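**Student:** Residue numbers (this note's numbering), protein chains in the order written: chain A, 1 to 272; chain B, 1001 to 1172.
Hints in this document: simulated from the structure, not taken from any laboratory. These numbers were taken from a predicted model, which means no experiment stands behind them. Keep in mind that the hints are not guaranteed to be accurate.
What the hints assert, rightly or not - Below are the DSS-like pairs computed for lysine-lysine, each with C-alpha atoms no more than 30 Å apart in a straight line: (1) LYS1141(B) / LYS1059(B); (2) LYS1054(B) / LYS1141(B); (3) LYS254(A) / LYS69(A); (4) LYS254(A) / LYS1054(B); (5) LYS236(A) / LYS69(A); (6) LYS179(A) / LYS202(A); (7) LYS179(A) / LYS254(A); (8) LYS1054(B) / LYS69(A); (9) LYS69(A) / LYS1059(B).
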Amino acid sequence: MHPNETILNDYADDLLDPVERAGVDQHLAGCAACRQTVEDLREILGAASELELREPPVRAWSRLERAIKMEPRLESGARGFPLDGARGRQPGGSGGARLKGSRSMWIAGLAAAAVLVLATAVGVRYLPANRTDATPAAASAPGGTDAASAAGAAAQSGAAQSIETELRQAEAHYENAIKGLEAIASSEQSELDPRTAATLQKNLAVIDQAISESRAAVRSQPASEPAQQSLIDGFKTKIGLLQDTVALINEMRKGNEAGAARIASGLKQKGT
Amino acid sequence: MDLVARCQAGDVEAFETLYRQHSARIYTLACRMAGSAEDGEDLLQEIFLQAYRKVGSFKGQSALGTWLYRLALNHCLDYVRSRQAKMNKLTDTIDAETSFEPAARRETPIARLDLERAMERLPEGCREAFVLHDVEGFDHKEVAELLGIAEGTSKSQVFKARLKLRAYLTKR
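Given the sequences, and given the hints that come with them, work out the whole structure.
**Tutor:** Here it is in structure tokens:
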């Protein structure tokens, strides 16, 4: 008889006492399948402990910096930040803000507004609904009554409407976020070199086409989960590209050539 | 003035230094706990924004990195709980599809990227337990406390995750 999965996992974790361990050793000597299971578990354990750190995208800091600059503390230059929300104002102090001049401040304001809209969109984190949960058992039970079937059909219809409503809300949030970012990107596009601007336009056109196709698929098949997910993925991709564009413009304005080059390179890769 | 004091004074450049020092670890944790790079990036943003708001209350009883990691972990756990509530899934549900059948032999060692992708496919519940136990190095008692589940459930979730990963990595 094979040891159960708990014992094999404890064996791989070296958590068994000597007697139990000896018993498993004896079994493994004659059972290739369990031996392989233990080898695989140990390989997964080893690989998991050696996983490397992942670097966040370059745009992540720019995004965070814009959000930080919207914080009241920076506007007031206040020291400390009590958790009770009593944020004392102190005169003077720039709070480390880097953007200077009315035009830059206008860009920062627009970017911050887009971040706020985006935060709303991101907060939606649309998840395809679990349709089976919404289906009453009576509706699918063999021999169910007509009334039960009708109730089930009504509930299904209600669930489908709820999903559609949720999708429409998510769509509206994403579109708002996109509109805000597009306003910044298009008004400041003259900052970009012509090749980067062309790449950006090309990529946006591809994404818009994908969004358009996904939207058509959702309209013709509102219950299709892949179509819904594809539409949401399209929005997310477009937001990511627009965020990169705004981050690129910011880096160029700050004179950070290395940062700008990294982001521009990412934009070009997305076009290949 | 040291980095903590400068961050507490609202110095954005000091906060950027803090971000550069710790963002990879926090981002990695967030991606793995959330199961996607997109959600991980959003969590990273939220965590550092929260850190910026709360750094004034940091008393120096631990290293700033430890404080930040704890804040990140709590934020990730809140996110996971709220998503689980939304998806109406129980953390201690054992998935019937978990197979304990012997898997076909793999010829090559597990590649890092393959494991990362396979982890993203793990179901809610067992992914978080696996990340906390096998990747982050917490023991089952700690994982149980963090996730608000029984120690035995932590064990079964981690085991379930390993078996699923084994199946995913073999079926490729």
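**Student:** Could you check the structure against the hints above and give me the numbers of any it violates, in ascending order?
**Tutor:** Those not satisfied: there are none.
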